[in-house]
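Q: Chains as they are written, first to last, in full-length UniProt numbering: chain A, 1 to 280; chain B, 1 to 280; chain C, 1 to 280; chain D, 1 to 280.
Hint data in this document are derived by calculation from the structure and do not stem from the laboratory. This one's a predicted model, so the numbers in the text were calculated from it and none came from an experiment.
Because identical chains cannot be distinguished in the list, a pair is counted as satisfied if it fits within a single copy or across any two copies.
Here are the simulated SDA-like cross-link-like pairs (lysine to any residue), alpha carbons at most 25 Å apart as the crow flies: (1) K3 x N44; (2) K259 x T247; (3) K129 x E251; (4) K259 x T220; (5) K29 x L69; (6) K29 x A74; (7) K243 x F106; (8) K3 x D42; (9) K45 x N23; (10) K45 x C11; (11) K3 x V236; (12) K83 x D244; (13) K259 x R170; (14) K202 x R103; (15) K243 x P80; (16) K202 x G273.
Each chain, written out:
Protein chains: 4
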Amino acid sequence: MTKPTLILIDCTDALGLVALISNIIASHKLNIVAMREFVDEDANKFFARIVCHGDLLDQQSLEKDLQALLPSAATILVNPTQKKRLVVLVTKEHHCLADILVRDNFETLGAEVSAVIGNYQDLAPFTEKFGIPFHHISHIEKSKEDFEQEIIQQIDAYQPDYIILAKYMRILSPAFVAHFKGKIINIHHSFLPAFIGANPYKQAHTRGVKIIGATAHFVTDDLDEGPIITQDVRRVNHTFTVKDMVTAGKEVEKAVLSKALQFVIEDRVLIHGNRTIVFE
Amino acid sequence: MTKPTLILIDCTDALGLVALISNIIASHKLNIVAMREFVDEDANKFFARIVCHGDLLDQQSLEKDLQALLPSAATILVNPTQKKRLVVLVTKEHHCLADILVRDNFETLGAEVSAVIGNYQDLAPFTEKFGIPFHHISHIEKSKEDFEQEIIQQIDAYQPDYIILAKYMRILSPAFVAHFKGKIINIHHSFLPAFIGANPYKQAHTRGVKIIGATAHFVTDDLDEGPIITQDVRRVNHTFTVKDMVTAGKEVEKAVLSKALQFVIEDRVLIHGNRTIVFE
Amino acid sequence: MTKPTLILIDCTDALGLVALISNIIASHKLNIVAMREFVDEDANKFFARIVCHGDLLDQQSLEKDLQALLPSAATILVNPTQKKRLVVLVTKEHHCLADILVRDNFETLGAEVSAVIGNYQDLAPFTEKFGIPFHHISHIEKSKEDFEQEIIQQIDAYQPDYIILAKYMRILSPAFVAHFKGKIINIHHSFLPAFIGANPYKQAHTRGVKIIGATAHFVTDDLDEGPIITQDVRRVNHTFTVKDMVTAGKEVEKAVLSKALQFVIEDRVLIHGNRTIVFE
Amino acid sequence: MTKPTLILIDCTDALGLVALISNIIASHKLNIVAMREFVDEDANKFFARIVCHGDLLDQQSLEKDLQALLPSAATILVNPTQKKRLVVLVTKEHHCLADILVRDNFETLGAEVSAVIGNYQDLAPFTEKFGIPFHHISHIEKSKEDFEQEIIQQIDAYQPDYIILAKYMRILSPAFVAHFKGKIINIHHSFLPAFIGANPYKQAHTRGVKIIGATAHFVTDDLDEGPIITQDVRRVNHTFTVKDMVTAGKEVEKAVLSKALQFVIEDRVLIHGNRTIVFE
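So that you can see chain A by itself, here it is in the shape it has in the complex:
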């Protein structure tokens, strides 16, 4: 069987859009095997994810046909045949990186890790075990601007589809974020919007919460305020010290980032203002 054709659409809503789109798909002799569609009527926006079987003879022609009929400013993604490429940014904590590199190693990630960049060297030996390049770019004794410029150049050398902040502990400048608009994914060590900012587990312990969580989100200029992709939680109790919470938190951080990457890599996520549409 040939690979399924995937069509992602994000455009202004209009009457008869599903008919228009499905007619074009039928005219290309593709059979729709799974379709998810969502309209936000307040925003007048249309979102769809369509999986088709059948031989796609001419991808460009399908895209052109869709583009011609859909409302202006439609974003259409047909059948991404190339594996997505990721660059991972880290500081010192290994748990999220290790999860990604193991999946990459056994080819269960669905994407390729092009490189890892760290502002400390701690994770270089581990990364290199897997044959992945590790670039150490220190922030020490540099202006933030110079430091970020070095990282941007290094990332750009790989032309990645996404930049993954896998417990990267430096705040990004608006210029950095703008350069990779919609492409940066962060794992935040709390159940946002609870405990924004530093030391969330210390805050959680002081507040005596009974559940902790983690949040994977796209990065925008507002720290910890970008569109949320997915979240999850773990129960804690009065016997947990701050250190125990950090340990439990790492498990949920790892699981949440992994789930978010799966959604993004499988083209299940569309950004809609400060929210996301996730066609699970």
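Assemble the complex: chain A is given as a structure, and chains B, C and D must be docked to it using the hints.
A: Only chains B, C and D this time, still in chain A's reference frame:
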């Protein structure tokens, strides 16, 4: 705003079905705001749930147009305007019944409870608090056939859409099940297929499981083997006696049956052989 | 078998406390069948919950023996033989109240509901179905002080062990809270500390969260800042409107308050500053 | 601060046991900071896990004092100072092994992996990246007895505390199990006791379940019937193929085995007939 039009389709798959269907919908000036479609290619079956906004001027004409174009044997359900009616069967345990009657009382069930039938009288006073008729039909000193015939007659008097076994503890005969084919929903007190049959909590305790569950399913001739609608679980531990497991189990039974009813009442469930398609 | 003897202790920590306590228990011919002990070394505090089997011949003597040997300011609770009494405060929403009244009706609550007080009359008919007194005390055209004074008098007439705010939507004054110190339990419609204050589901929708939650906590002077008893969450997604979130939220609110009441009624909760020790 | 002293006790129940034990602990100048005790009255068995702070001057004397006073046949474990050693058995699937080796590499496992033994060579390169010896012992063209004898000899060379079956797909003989009684931990790819035996995900797909799970348990002679340590689940739906269920299942298998290892390594698990006491 007028009520949304809901279209449920279950038919043989064919190339271009989504186009056919959405063209018909567009020709009736309806806008598709949420669509879920699923094709089982092994079984060559097509399932869809479509929510439309706009004024549906002629429901019969829409149904006729769909029927004319879809493959033979298509099941099409358009815009059920009447509230569904439920008859609830009980024995002695109150927890599932109480949940249903409270929702009915405050009109958050999305359906109407027409009557409750019990093979014991225990739950009559509670049911009658809510102004719902309670029919006591005892199984004692009757043949199973006579007993079930009495129940069938009582149920038929209400012409319900669904019969809910809310901890009804008598096994139904194939004749009874056939009479209400696809309309009987049961809550089973275990995480099927574990612990089929009687005393599942006793079995679970003996086995030393760490999680218990419950399963809501359509009833077929095979006891505990009908299509599963939804399931859920709760953690237990070594301190739980059988009685504690029963108590914890009642909470999950109640929650699972409530969820299953919501799915069925909102027309989100399609039966597909011994499985269900649930468009959550 | 006689009823188990339950001993709850909250005191300053000291070397050998478990030995002291268990010697006294043994001298009263009781067998410890389940013991949970927790020491907060930073705070130098000792907490224990001990379940004993055997005939407790002289409860007062056991209490006296414990009091004599334990550090000053010890709180000791032995074998509460009387069922706890609850007064429930409501406004207009029924879901938490209904859950409590159904459990009370079938004697699965482990406590007794003495009365319900509402600042609106909406829930009077439902409450009275269960034979529970409903007192309507309106806040309209009264000073907050007068209004609360009326409620306090009505509550005091029942001498309840706990006051349950089951979606009671008025903010309590410090004087009110002080009058019932450590006895008021609230269900907050968010996963605290996220979305403190009003309209949490509106806030949650705008923020695009993928999980919503609820929190049961003791009430202190700081609104929404008292010791958390338990929390739970439900998944939501991009298809949820604010109204859908409110509906999903009610399910989790009901479940969380029910769980918190169970913990409190079974004497599993000790307050420790702004946190709780919960011996689940 | 010195390392806490951990005391695990498993013996016949008797009146005053907690007093006896805590007196001995106090006489050694240790302060009990966390205690969990459980009595199974039907079985007349006593279980406790006690964490103490303070300088343990003479471990042997503490053990001797406890042994002298406790009922015969008591199992007492005081303060295991040596890190536990694990040998991991694998076949071809990497997900559980990788999780264990990453934790071992970053010293977050709380134990040491001494070696990995595989009946295929597939996982040798991965294992060796981490500097852990990999022994390939093929079952091909050998009697089961000879094959297992080779493995036993290899395991015995490491004198491990536990043997972890991390997706090891050969059934063990009673002789093998007897040789490592109470020391073998398996991850079973289903929510036991559902879907015992082979191809559980195929069975789960056919049955149309809405939740799948995994179970970590001690291995006894009855295949898939040993004492359960922990279990967990993941939701699935009608869109999951058998392959999707296998993929989702691997995530839960990995998480469950990891949790079980943590419990065992931290000495939180006591075997009680075919059940476990887990002092979480």
